[in-house]
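K.L.:
Protein chains in written order, with the working numbering: chain A, 1 to 378; chain B, 379 to 908.
Among the clues, some could well be false.
Pairs of lysine-lysine residues, derived as BS3-like cross-links and limited to a Cα-Cα distance of at most 27 Å, are as follows [to be verified]:
| id | chain 1 | residue 1 | chain 2 | residue 2 |
| --- | --- | --- | --- | --- |
| 1 | A | Lys374 | A | Lys342 |
| 2 | B | Lys908 | A | Lys82 |
| 3 | B | Lys868 | A | Lys79 |
Note that these hints are calculated values from the structure, not bench results.
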Amino acid sequence: MGRSTALKGASWALGVFAAACSGLALGLEWNLQPAASPIAADVHSLHEYVMVLVTVIFVGVFGFMFYSVFAHRKDRGYKAAKWHENTTVELIWTIVPLILLVVIAWPATKVVIAQKDTSNPDLTIKVTGYQWKWGYDYVRGEGEGISFISTLATPRDQIDGRAAKGENYLLEVDNEMVVPIGKKVRILTTAADVIHSWWIPAFGAKQDAMPGFIRDMHFRADKLGVYRGQCVELCGKEHGFMPIVVRVVSQDDYAKWVGERKQALAAAADDPNKQWTADELKARGEKVYASNCVACHQASGKGTPPAFPALDGSKVVTGPKEAQIDLVLNGRPNTSMAAFGKQLNDVELAAVVTFTRNNWGNKTGDLVQPAEVKAARK
Amino acid sequence: MSAVVDTHGQAHGDDHGYHPSGIMRWITTTNHKDIGTLYLWFSFTMFMIGGAMAMVIRLELFSPGLQWVNPDFFNQMTTMHGLIMVFGAIMPAFVGFANWQIPMMIGAPDMAFARLNNWSFWLLPFAASLLVISFFTPGGAPGVGWTMYAPLTVQMGVGMDLTIFAVHLLGMSSIMGSINIITTILNLRAPGMTLMRMPLFCWTWLITAYLLVAAMPVLAGAVTMTLTDRHFGTSFFNAAGGGDPVLYQHIFWFFGHPEVYIIALPAFGVISQVIPAFSRKPLFGYASMVYATSAIAILSFIVWAHHMYTVGMPVAGQLFFMYATTLIAVPTGVKVFNWVATMWRGSLSFETPMLFAVGFVFLFTLGGMTGLVLSLAAVDIQLHDTYYVVAHFHYVMAIGAVFAGYAGVYFWFPKWTGKMYDETLGKWHFWLSVVFINITFFVQHFSGLAGMPRRVPDYPLMFETWNKISSIGAFGFGIAQFLFLYIIIKAIRSGEQAPERPWEGADSLEWTHLPTPAPHHSFHTPPVLK
Chain A
1 MGRSTALKGA SWALGVFAAA CSGLALGLEW NLQPAASPIA ADVHSLHEYV MVLVTVIFVG
61 VFGFMFYSVF AHRKDRGYKA AKWHENTTVE LIWTIVPLIL LVVIAWPATK VVIAQKDTSN
121 PDLTIKVTGY QWKWGYDYVR GEGEGISFIS TLATPRDQID GRAAKGENYL LEVDNEMVVP
181 IGKKVRILTT AADVIHSWWI PAFGAKQDAM PGFIRDMHFR ADKLGVYRGQ CVELCGKEHG
241 FMPIVVRVVS QDDYAKWVGE RKQALAAAAD DPNKQWTADE LKARGEKVYA SNCVACHQAS
301 GKGTPPAFPA LDGSKVVTGP KEAQIDLVLN GRPNTSMAAF GKQLNDVELA AVVTFTRNNW
361 GNKTGDLVQP AEVKAARK
Chain B
379 MSAVVDTHGQ AHGDDHGYHP SGIMRWITTT NHKDIGTLYL WFSFTMFMIG GAMAMVIRLE
439 LFSPGLQWVN PDFFNQMTTM HGLIMVFGAI MPAFVGFANW QIPMMIGAPD MAFARLNNWS
499 FWLLPFAASL LVISFFTPGG APGVGWTMYA PLTVQMGVGM DLTIFAVHLL GMSSIMGSIN
559 IITTILNLRA PGMTLMRMPL FCWTWLITAY LLVAAMPVLA GAVTMTLTDR HFGTSFFNAA
619 GGGDPVLYQH IFWFFGHPEV YIIALPAFGV ISQVIPAFSR KPLFGYASMV YATSAIAILS
679 FIVWAHHMYT VGMPVAGQLF FMYATTLIAV PTGVKVFNWV ATMWRGSLSF ETPMLFAVGF
739 VFLFTLGGMT GLVLSLAAVD IQLHDTYYVV AHFHYVMAIG AVFAGYAGVY FWFPKWTGKM
799 YDETLGKWHF WLSVVFINIT FFVQHFSGLA GMPRRVPDYP LMFETWNKIS SIGAFGFGIA
859 QFLFLYIIIK AIRSGEQAPE RPWEGADSLE WTHLPTPAPH HSFHTPPVLK
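Given these sequences and hints, build the entire structure.
P.N.:
Now the structure itself:
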C-alpha cells in the first residue's frame with residue numbers, strides 16, 4: 001500500500017513536469033510578456049529573483065518532508081522519536097526567514113519608488129474609463145488637445161462564433177493611443193461611471209481609474225511596436241470587451257501622427273447648425289449606434305431586459321423626443337445608461353436618436369436636428 | 379409561566395429524554411453534535427452548489443468566444459461562486475468541526491450557549507435562500523464580484539439587496555457562533571485542561587473566533603453603506619456627493635484580509651491534529667504554534683491594503699503594506715516547519731486523512747510562496763486582477779481549506795459515527811482530487827503571468843490552451859467530489875464497525891476518554907486529567 005502511494009506520488013510529479021515541458025515545447029505563453037519599458041524590465045528581474053529564492057526554499061523544505069515520507073514510515077518498521085521541541089532550531093527558522101525578507105524587500109523597495117515617480121513627464125495623457133470604452137485626452141506635451149474615444153474593433157460575429165476569430169481577437173480597437181518612443185509618458189486615470197483599470201502588460205503599467213478622482217502612473221516605452229492590454233477591474237457586463245492598444249512610434253512618426261490627427265479633427269468637426277436630411281441622419285445614427293449602444297440594447301433593439309431595456313417599442317423612444325434627448329444626454333442615474341452628452345457631439349446624438357426612433361418597429365417619423373440637441377444641453 | 383417551568387422540569391426529570399423525532403429533532407436541537415452535523419451537511423450542499431457555478435464558469439471559458447452564457451450571467455456566476463464558497467461552504471464547515479470537536483476536546487458537556495448555537499445554524503439556510511432567490515429577481519443576482527466593489531453595486535437590481543441581507547445574516551450567525559466558541563473554550567474546560575494543554579485545534583478556533591468578532595461587523599458596515607448609497611441617497615462611496623469608492627475597498631479589505639485567516643486558521647488546527655496522529659509523534663513546537671497563530675491573527679489586521687496596490691496609494695503606503703505583508707511569511711513559515719518537523723523521524727502511515735493533510739501542507743505552502751511574490755507591490759501591480767491571483771488564492775483558500783476539511787472529516791468520521799469509511803475509495807478520492815485540482819489551478823499561474831485578466835467571460839486566443847487544460851481539470855475535480863458523497867453515504871449505511879481507537883497515534887480527549895461512536899451527550903461529569 002505504502003509503495004503504491006509513493007509510486008502514485010512520483011508519477012503525479014512526473015506528469016506535472018511533463019505538462020510544463022510540453023507547454024514550453026508548444027511555445028505557449030507561460031511567462032510575463034517581454035518588457036518594453038525600463039520599469040517592466042525591473043519588475044521582471046524582481047519577479048525572477050523572488051521566484052528563484054522561493055523555489056529554492058520550497059524545494060529545500062519539501063525535500064525534508066518527502067525524505068521523511070519515504071524513509072520514516074511505519075510500514076518500514078521505523079520507530080517514532082520522542083522529542084517535540086528544540087528552542088535553537090525554532091529560533092533559527094524564525095530569524096533566517098526574517099533576514100531573507102530583508103534581502104527581498106531591498107530590491108523591491110527600489111522598484112516601488114521608481115514605479116511611483118511620475119515627476120517631469122514629457123507627455124501627459126488623461127485616460128477616462130467608460131462602460132465600456134476608453135477616452136484619451138492629450139493634455140500636455142506634443143499633441144496637446146488631441147482627444148478621442150477608443151472602442152473594441154473586434155466584430156460581434158467573431159465573439160458570437162459566426163465568423164473566424166482574427167489574430168488580435170478582443171485586443172484590437174478603432175482608435176489606438178499613440179506615444180513617441182523614449183519619452184516619459186504620464187497617464188492620468190479617471191472614470192465616468194464605475195471603477196476601471198488601465199493596463200499594458202509590456203509596460204508594467206497598471207492603474208485603477210476611479211470615478212471622480214484622478215490617479216497617475218508613468219511609463220517610458222523603449223521599443224517600437226503595438227502593445228495590447230485589457231481592462232482589469234470588473235466594470236459590469238462588457239468588462240472583458242474594452243481593450244487598450246498603444247502604438248509606440250519614432251519621434252518623427254509621432255509628429256506626423258499629431259499633424260494628421262489635428263487635421264482630421266478639424267475636417268471632421270460637424271457643423272451643428274447644418275440641417276440634415278432623414279437619410280443622412282439615419283445612416284450616421286446606425287454607425288453611432290453600432291459603436292455605442294449595441295452592447296446593451298443589441299442590434300435587434302430588443303436589449304436584454306430588465307437590466308438593459310428594449311428600444312424597439314420602448315415608451316421613451318416612441319414618446320416625446322425631448323424626453324429621449326434628455327435621457328441620452330444625461331444618462332439614467334444608478335444604471336449602466338451613461339450620460340452620452342460628454343462622449344458624443346450634437347450631430348452624433350441627433351443621428352442616433354433619429355435612428356432609434358425610426359428603426360425596428362419604431363415608426364415615429366421624427367427627425368432630430370443637431371440644433372435641437374444643442375438647445376437641450378444646458 | 380408555570381407551564382414553561384413544568385416543561386423544563388420534565389425535561390430534566392427525564393434525563394434529557396425529550397427527543398423529538400424526524401425533522402423536529404434537527405430544528406429544535408441544542409446538542410453540539412447534532413448542530414455540528416447540520417453545519418457540515420449544509421456546507422457540503424453549498425460546496426456542491428458553488429461548485430456547479432464554477433463548472434458553468436469553466437464551461438464558458440473552455441473556448442474563446444461566447445458559447446454558453448451571456449456576460450451578465452457569467453458575472454453573476456463568478457460573484458455567487460465566490461460568496462457561496464467563502465460564506466456558505468468553507469466557513470460553516472469549520473464551524474461544524476468546532477461544534478463537534480471543541481466540547482469533546484476540552485472535556486465539556488456541550489457548547490456554552492446551546493440555544494444560541496441552534497439559532498446560529500438556522501440563520502444560514504435563510505441566508506443561503508436569499509442568495510439563491512436573487513437569481514430569480516429582475517436583473518438577476520448581482521454581477522459585481524464577491525468583493526462587491528462600489529460603485530458598480532449601485533447599478534445592480536434588487537438581487538444586490540438580497541445579497542446584502544444575506545451577508546448580514548451570515549455575519550450575525552458567525553458572530554454568535556464565535557461568542558459561543560470563545561465562551562466555551564474560556565469557561566468550560568475540564569479541571570486540569572489549562573489553555574496551554576488544549577489541542578491546537580481549540581487554540582486556532584479561539585483565535586479565529588476573536589478575528590470573526592472583530593471583522594464581521596466591519597463587513598456588515600460596508601454592505602450597509604452600500605445599501606444606503608443604493609436607496610437612501612447617501613454618498614459614502616460616490617465622489618459626486620463627497621464620498622470615495624476607495625473607502626469601500628479599505629473597509630472591505632479590513633474585513634477581507636482577516637477573513638483569509640478566519641478560513642486558514644481552523645484549517646491549520648485540523649492539520650495540527652492529523653499530522654501528529656499519523657506520525658505517532660507529538661506536535662513539534664506546540665508553544666511556538668500558538669504564538670505563530672496569534673502573530674498571524676494580529677498581523678492580519680495591518681496588511682489589508684496589499685489587495686489595493688493599484689488604487690493609487692502614496693509610495694509610503696505601498697511600502698508599509700508591502701513590508702507588513704512579507705512579515706506574515708515568518709509565522710506561517712514557523713507553522714510549516716513545525717509540521718515538517720513533526721513528521722521528521724516519526725513513524726508515518728498514510729491513511730486518507732494523512733494524505734489530505736500532507737497534500738494540504740504541500741499545496742498551501744505553494745500558494746504561500748506565490749503570496750510572497752504578490753506581496754511585493756511592484757510585482758503585484760503587474761499581476762493584480764489577473765489569473766495569477768486567481769491561482770494564488772485558490773491554492774491557499776480552495777485547496778487549502780477543502781483539503782483540511784476532508785482531512786478532518788475522514789479523521790473524525792469514525793468517532794462521530796462509529797463506522798469506518800472505505801479506505802481504498804478514500805485514497806482514490808484524494809488522488810483524483812489532488813491531480814485534477816492541480817491541473818485546474820497550476821496552469822492559471824501561466825495564463826496570469828501572460829496577462830489574462832480575471833472575471834472575463836471571453837479571452838484573447840493566446841490563452842486558449844491554458845483555459846482548456848484548466849477546464850478539464852475543473853470538470854475532473856467536480857466529478858471526483860461525488861465520490862466523496864458516495865463514500866460518506868456508503869460508510870453511514872453499511873460501513874464496518876469502527877474500532878475503539880481507530881488511529882493509534884490520536885491522543886486528544888475524544889479518543890482517549892470517550893467510546894466510539896461518541897455518545898449523544900458526552901462528559902456529563904468532567905474527565906480526570908493527569
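K.L.:
Sort out whether lysine 79 of chain A lies within 27 Å of lysine 868 of chain B, counting only the CA atoms.
P.N.:
violated (35 Å)
K.L.:
Holds or violated: lysine 374 of chain A and lysine 342 of chain A, Cα atoms, limit 27 Å.
P.N.:
holds (12 Å)
K.L.:
Would the pair lysine 908 of chain B and lysine 82 of chain A pass a check requiring their Cα atoms to be no farther apart than 27 Å?
P.N.:
This hinted pair holds, its Cα atoms lying about 19 Å apart.
The structure fails to meet hint 3 from the earlier list, while all remaining hints are met.
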